[in-house]
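Here is how the chains run, residue by residue.
2 protein chains.
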Amino acid sequence: VDRDHNFPDLKYEHFIASAVSSFPVFRMAAKKELSCGELILRAVEDSSKWHKAKNVHFGAFLLLIPLLANWDAENSAKAGELSLQYLKNTTYKDSLHVLNAFRISSARVMGSKKLDLRDDDTERFITEERVNLYKWMSMAPKDNIIAKEIINSYTISVKQSRKLIEWYKELDDLNHAIVLCYHDMLSRLIDPLIISKFGRDAALEVSKKAGEIMNLPEKQRLDKIKEFDEELIEKGINPGSVADLTISTIYLAMLDGLRF
Amino acid sequence: VDRDHNFPDLKYEHFIASAVSSFPVFRMAAKKELSCGELILRAVEDSSKWHKAKNVHFGAFLLLIPLLANWDAENSAKAGELSLQYLKNTTYKDSLHVLNAFRISSARVMGSKKLDLRDDDTERFITEERVNLYKWMSMAPKDNIIAKEIINSYTISVKQSRKLIEWYKELDDLNHAIVLCYHDMLSRLIDPLIISKFGRDAALEVSKKAGEIMNLPEKQRLDKIKEFDEELIEKGINPGSVADLTISTIYLAMLDGLRF
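Here the protein sequences come in this chain order: A and B. Read in order, the letters of the first sequence are residues 6 to 265 in the working numbering. Read in order, the letters of the second sequence are residues 6 to 265 in the working numbering.
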C-alpha cells in the first residue's frame, strides 16, 4: 500500500486513520502512563476503532512504543539503547498484552517452535515461564527482522535514519528520500512476510532485485523503483516488515532533527 | 497539492505534518478549553512548529474549529447551526487572535474595503468597533466562500457530506469519492484564490470546465478530472478555498457516520 496503490482490504486511508488515532496512546507512551504491553495493546485497539482494516500498524507499534517511551533521548542511537533497556524491564504481563494485541490485529507472523503467536499454548508458556517482552523477542525466529531490530537497539533504523537525512538534503524531496531508504533496506534484508507467503527463494530474489536497482545511477533509479513496485504489486508481494522499519527510521530521523 | 503533486514551497508532507500537529488543539476545541479565536491561533502556531511551509491549513482551521467545538451535535446540519451560534458568541478579542493567526500563516486572502487582513488599520477597527468573529465574517467580500460558508451554517459542506457518503457507498473508493466531491464543489463555486491571482474570468472558466467534467458519464469522468488537474497545476492555478471546504465536508461526513 502506498499513496497510489491499495489492496482490496487494506487501503491508504486505513493507514492515515490508524496514524491519526495513534496520537493519544503515543502521548501516553511518552509520559509512560501505561506499561509497554498495555500501550501496544491500546494502540491496536484505538487504531481498530477508526477503520475497517485488520492489521495496519501492529509491527510499527511494536517498534515505535519503546522509542516513544524514550522520546527525550539525546539522539537516535541513545534512543535505541534506552528502548532496549525499557524492553528488558517489562514483565510477562506485557507479553500477554502484546499477544492480545496480535489477536485483535490478526497480524501475519512467522511461526516458531515455542512461541507461535497463533497457538493458545503460547499464553500458557508465557505465564508459566514468566517470559517478558525482551525474552520473547529474543526467542523469535531469526527471520523476524522486527524483533531482531528491537533487541539489537534499533541499529538498522538508526543507520538508515542518517541516510534518510542525507538523501533528503541531497534530493530536497522527502518522499523520494523515504522511497530510497525503503528500497535500500529491502536490498539488505529478507522480509519475513514474503518468506511466509512465497518462500525464502522469492524473498531473496526481491532483495537481490532491489539491490540491483539501488546500484543504478541516480537518474535511472527512481523510475526502476516504480517499475519494481508495480511488479511486486501485481504479484501480491508486500514487504510489510521492511515498511515497518521505514516507519521507525523516519521517527528516528525526526528525533535527530529532520524537518521539512 | 495532492498525493502526487507538490508546489516548490508547499508539499504533501506539509499537510500531513500540519494535520498531525493539530490533534492537541482539536481536542482542546472539543472541550472548549480556549475561546474560538485562541484555538484558531493555537492551531496555526502548532502547525507552524512542525513544517517549513507558511500557510497550509488557515482556511481549514477557520472552518473546523467551530465544528469541533460542537463535535457532539446529533448530525451535521445541527453541527452547522450550533457552530454559527458559537461564532455569534465570540468577542472582538477572538477577531484579534484570528488576525494574528493570519499574519503568522501569511494566508492569501481577498481584500475588502473595511477589513483587509493585510492592513494594520484592521486591528484598530476591530478594537474600536468591537467586531466579533461573526460580524467580521459577515463583512467579508461576497467571494470569500469560507466566511460565507460559516455564517450560512455550513450548508454547502452539509450537503456535500451527504453526497460524499453516497459516492463512497456507490464507488467503494474513498479517494475517488472525495475527488468527485471536490470537483462537484469546484463546478458550483468560484474559488476566491483563483480570482485574487488570475481574475474572475479565469475562476469562472475553471468552474465551467469542472461542471462539464462532472456531467460526463462516470467511466470517463475520473480520467478527465486527472487531465484537468494536470492542466491547472501547469498553470499554477490552485483552488485552495474549495479544498478547504472539502475538509469540512469530510469532517461532517465522518460526524454523520462515514467509516472506511
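Among the clues, some could well be false.
Since copy identity is lost for identical chains, a pair holds within one copy or between any two.
As the list claims (entries may be wrong) - Derived PhoX-like pairs (lysine-lysine); straight-line CA-CA distance at most 25 Å: (1) K231 to K37; (2) K36 to K57; (3) K54 to K36; (4) K229 to K140; (5) K93 to K54; (6) K98 to K214; (7) K57 to K140; (8) K83 to K59; (9) K164 to K93; (10) K229 to K59; (11) K240 to K98; (12) K202 to K93; (13) K57 to K174.
Read the hints as simulated data drawn from the structure, not as lab findings.
message: Within a copy, between copies, both or neither: which one fits K93 and K54 at a CA-CA cutoff of 25 Å?
response: neither (30 Å within a copy, 34 Å between copies)
Intra- versus inter-copy proximity for K214 and K98 (alpha-carbon distance at most 25 Å): Neither, since 42 Å and 61 Å both go past 25 Å.
message: Treating 25 Å as the Cα threshold, decide for K83 and K59: within, between, both or neither.
response: neither (33 Å within a copy, 33 Å between copies)
query: Should K229 paired with K140 be assigned to within, between, both, or neither, using CA atoms and 25 Å as the limit?
result: neither (41 Å within a copy, 56 Å between copies)
query: Is the C-alpha distance from K57 to K174 at most 25 Å within one copy, between copies, in both cases, or in neither?
result: Classified as between: cross-chain Cα gap 14 Å, same-chain 37 Å, threshold 25 Å.
message: One pair to classify: K231 and K37, alpha carbons no more than 25 Å apart. Within, between, both, or neither?
response: neither (40 Å within a copy, 46 Å between copies)
field: K202 and K93: within-copy, between-copy, both or neither at 25 Å Cα
entry: neither (31 Å within a copy, 59 Å between copies)
- request: Check K240 against K98 for me: Cα-Cα at most 25 Å, and say if that holds within a copy, between copies, both or neither.
  value: Neither: 39 Å inside a chain and 59 Å across chains, both beyond 25 Å.
query: Are the CA atoms of K36 and K57 at most 25 Å apart within a copy, between copies, both, or neither?
result: neither (29 Å within a copy, 27 Å between copies)
query: Between K57 and K140, at a C-alpha cutoff of 25 Å, which is it: within one copy, between copies, both, or neither?
result: neither (33 Å within a copy, 42 Å between copies)
- request: Since the copies are identical, ignore which copy is meant and state whether K164 and K93 lie within 25 Å (CA to CA) inside a copy, between copies, both or neither.
  value: Only inside one copy: K164 and K93 sit 22 Å apart there, 54 Å across copies, limit 25 Å.
task: Classify it for me, K54 with K36: is the Cα-Cα distance of at most 25 Å met within a copy, between copies, both or neither?
output: Both, since 23 Å and 21 Å are each at most 25 Å.
Violation of the numbered hints given earlier is confined to hints 1, 2, 4, 5, 6, 7, 8, 10, 11, 12; the remaining hints are satisfied by the structure.
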